[in-house]
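Asks: Spelled out, the chains give:
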Amino acid sequence: RKEVEQDPGPFNVPEGATVAFNCTYSNSASQSFFWYRQDCRKEPKLLMSVYSSGNEDGRFTAQLNRASQYISLLIRDSKLSDSATYLCVVSSGGSYIPTFGRGTSLIVHP
Amino acid sequence: NAGVMQNPRHLVRRRGQEARLRCSPMKGHSHVYWYRQLPEEGLKFMVYLQKENIIDESGMPKERFSAEFPKEGPSILRIQQVVRGDSAAYFCASSPLPAGDYNEQFFGPGTRLTVL
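As you go down the protein sequences, you meet chains W and H in turn. Be aware that the first sequence starts at 1, since it is given in my numbering, and climbs by one per residue. Be aware that the second sequence starts at 1, since it is given in my numbering, and climbs by one per residue.
Fair warning: there could be bad hints in the mix.
[As the list claims (entries may be wrong)] Calculated lysine-lysine pairs in the DSS-like style (CA-CA distance at most 30 Å, straight line):
| id | chain 1 | residue 1 | chain 2 | residue 2 |
| --- | --- | --- | --- | --- |
| 1 | W | K2 | W | K45 |
| 2 | W | K45 | H | K71 |
| 3 | W | K45 | H | K51 |
| 4 | H | K44 | H | K62 |
[Claimed, not checked] If you want the footprint, here are the derived chain W segments under chain H, 3+ residues with CB under 8 Å:
| id | region |
| --- | --- |
| 5 | 80 to 92 |
| 6 | 95 to 105 |
Read the hints as simulated data drawn from the structure, not as lab findings. Here a beta-carbon is modelled for each residue, glycine too, at the ideal position from N, C-alpha and C.
Kindly produce the complete structure, drawing on both the sequences and the hints.
Replies: Okay, here's the thing in structure tokens:
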């Protein structure tokens, strides 16, 4: 089993739709969780950190489920500009090496 | 405050040549990570360095690849005797503290290496 797994997609949704991605991780000692966004042929950029209590930033909501070992990202009212690849990143306690998932591709169409 | 800088942005090499990739971290950042990304693949960790020290190189191929982060100047990822399979995007990321523990990494624009 891979350390961090994501459905590669693509998720094809119309503008205004709500879309959710999940990411599962295998190491129960994992402590830090992030969602990064990567546009085509660009560098990854931090979208949001994912805390145990969950967090929300505008149209984006991230949740952590430790019992089932997954994190989720919910995007409401999708915009064309949300089209990108969303990378799940997990760091384990005591390790300074983050593990990146392969990413989930989102395409928002008019 | 300038972001992470990488150069060159594009590099073309013939098989057997050497490739040198440079990364200047953000000001005040002493932790540098190198990643490789193949088309349609995720980021793969290669090496983690602090000033003058290699902390973890577990993701680096044993041969032909080396990295350094000298006291002065940028971090360098060096690939000797390149082969076609080395063609990829190489990203550098820096942070003021070690990644993990909710410390964000800041990525450079990457160097796209093409081996002919």
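Asks: None of the hints should be skipped; say for each whether it holds.
Replies: We went through each hint and held it up to the structure:
no., hint, verdict
1, W/K2 with W/K45, "holds (23 Å)"
2, W/K45 with H/K71, "holds (27 Å)"
3, W/K45 with H/K51, "holds (24 Å)"
4, H/K44 with H/K62, "holds (15 Å)"
5, 80 to 92, "holds (count 3)"
6, 95 to 105, "holds (count 9)"
Checked against the numbered hints given earlier, the structure satisfies every one of them.
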